[in-house]
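Visitor: Fit chains B and C to the given chain A structure using the hints.
Residue numbers (this note's numbering), protein chains in the order written: chain A, 55 to 163; chain B, 77 to 214; chain C, 24 to 263.
One should not assume that every hint holds.
[As the list claims (entries may be wrong)] The list that follows gives simulated cross-link-like pairs (lysine-lysine, DSS-like), each with its CA atoms no further than 30 Å apart:
1. C/252 <-> C/146
2. C/31 <-> C/71
3. C/71 <-> B/191
4. C/239 <-> C/31
5. C/239 <-> B/191
6. C/140 <-> C/71
7. C/107 <-> B/191
Hint data in this document are derived by calculation from the structure and do not stem from the laboratory.
These figures come from a predicted structure and were not determined experimentally.
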Amino acid sequence: MNAWAWLIQRVTAVILLGALGLHIVFLHYGHGHGGLRFDDIMIRLSSPVFIILDLLLLVCGLYHVTYGLYSIFLDFGPDVRSRVVVLASLVCVGLGLMGIGFFSLLFFK
Amino acid sequence: MDAGEMMKTIRYKGVTHGWSSKSQVWAAVGMWAWLGHRLSGLGLGFYIFLHTILMGSALLAGEQAFNARLGLLMGSPIFKVLDAMLLSAVYYHGLNGLRVVLFDLGIGVAQRSQKVLFWAFMAVAAILWIWSVCLTFV
Amino acid sequence: MFETLMVKVLRYDPENDAEPRYDDFEVPGYDNMSILDVVMHIQNYMDKTLCFRASCRVGMCGSCSMYVNGRPRLACRTQVSMLKTRNITLGPLPNFPVIRDLVVDMELFFEKWKRIKPYYMGKREITEPVVIPPGTGEREFIDDMLDCIACGACYAACSMVSMNDGFIGPAALNRAYTLIADKRDRGQRERLRVVGRTDGVWRCHTQFNCGEVCPKNIVPTRSIQSLKKRCVLSKFGIFK
Chain A
55 MNAWAWLIQR VTAVILLGAL GLHIVFLHYG HGHGGLRFDD IMIRLSSPVF IILDLLLLVC
115 GLYHVTYGLY SIFLDFGPDV RSRVVVLASL VCVGLGLMGI GFFSLLFFK
Chain B
77 MDAGEMMKTI RYKGVTHGWS SKSQVWAAVG MWAWLGHRLS GLGLGFYIFL HTILMGSALL
137 AGEQAFNARL GLLMGSPIFK VLDAMLLSAV YYHGLNGLRV VLFDLGIGVA QRSQKVLFWA
197 FMAVAAILWI WSVCLTFV
Chain C
24 MFETLMVKVL RYDPENDAEP RYDDFEVPGY DNMSILDVVM HIQNYMDKTL CFRASCRVGM
84 CGSCSMYVNG RPRLACRTQV SMLKTRNITL GPLPNFPVIR DLVVDMELFF EKWKRIKPYY
144 MGKREITEPV VIPPGTGERE FIDDMLDCIA CGACYAACSM VSMNDGFIGP AALNRAYTLI
204 ADKRDRGQRE RLRVVGRTDG VWRCHTQFNC GEVCPKNIVP TRSIQSLKKR CVLSKFGIFK
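In isolation and in its complexed conformation, chain A is listed as follows (with noise of 0.2 Å):
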């Protein structure tokens, strides 16, 4: 279980290089002066290859979090007790988010 956790860390890592990299240069070029504006989003996100960008960003992004916190807790060499609640909470706390990103970017208008 420890192996596939920390591949799937790294795989995330290279996709987030990509898909923040994509993120940053479309949400800067992305508006005109007087900064971002709901039209804006609204052409970009009319357009499906955005909105799964958009999704990848947000499960690998979320992902990435969830194990490095949870990584970062490890190193302190906790319980067993401690370590079950940690993840159940930084895991609901994930999804919860994931759940906030999902319908925003799906359900908007």
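Guide: Relative to chain A, chains B and C alone:
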């Protein structure tokens, strides 16, 4: 208390007795690279938490509320400073992370090359950051 | 150079002292003097109660490792001139419990060492000596890692050990790799299981402190990275 128990009560570790500040661990770049990675990771994690909630709720709140909120954020000069800080964390974490991935693939895992790699990636990060900040502020 | 060395040594006798303290000694220096010479001089001529471990005095046994000016080093292999200062501070290795003065309790270190089964277990089907031609690269990596004398310097320098003494540590992982990577050995699966646990290889974050201090110029991080690769690849049924 017998000798065995006595030994168990002696926990004299460098960290708890002030050695860590003078310790050689801080002399080499690998330690700083890791610390920076961890701190930037925590910062970015906190940012993602905020970003997902704020952006998500703003999108769902509708056009007017969204524009109002984002106008407020992006109009303020503090935002640009925070943005620059965010980008520095992103570039640091991303490029040092790439260095770590190289290690995982077995590339550059040697005492000297890991330091060279660190500085090379930091040079790239610095260039990217300066370029991004110029784009933001200009 | 016959300059006087100003030596501070951490003293702690759990049976008599409530707290550790630093004792100061002025030790006459001479050419090619090593730290081991320094503590021997102190013990012979200044304070017979100073405790330290030493044996071979030629960097082979690993007994005399101690904390010298903020760095884990072998006392016999550290020349005073290498430190580039007259002021020398000596202490027991960090990350180990202290038995007395410069002597530390290596029990947990060796318990972890034993956990990875640090001995060769030949494959039962091998009846003839195995032929490994030179130049194939099969042994070069392993042979360098085998130089380990279990001095504990890497373990003392590892910040992951200092955060969590459940972490197996660089020395044991390095030894585990030399055997897992040995194609003649049959213990790969069980050793991989041990090192693949939560307190095993995954707690290494490639800080390279271990490689910085190893008196044999081993870089345990290299072994650990190879172990991580093996742990992952074994999930896909590939043993590299």
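Visitor: Now, for every hint given, state plainly whether the structure supports it.
Guide: Quick rundown of the hints versus the structure:
1. C/252 <-> C/146: Holds - the C-alpha atoms of residue 146 of chain C and residue 252 of chain C are around 23 Å apart, at most 30 Å.
2. C/31 <-> C/71: Satisfied, since the Cα-Cα distance of roughly 16 Å is no more than 30 Å.
3. C/71 <-> B/191: Answer violated: residue 71 of chain C to residue 191 of chain B is near 44 Å, above 30 Å.
4. C/239 <-> C/31: This hinted pair holds, its Cα atoms lying about 26 Å apart.
5. C/239 <-> B/191: Holds, because 20 Å separates the two Cα atoms, which is no more than 30 Å.
6. C/140 <-> C/71: violated (39 Å)
7. C/107 <-> B/191: At roughly 24 Å apart (the allowed maximum being 30 Å), residue 191 of chain B and residue 107 of chain C satisfy the hint.
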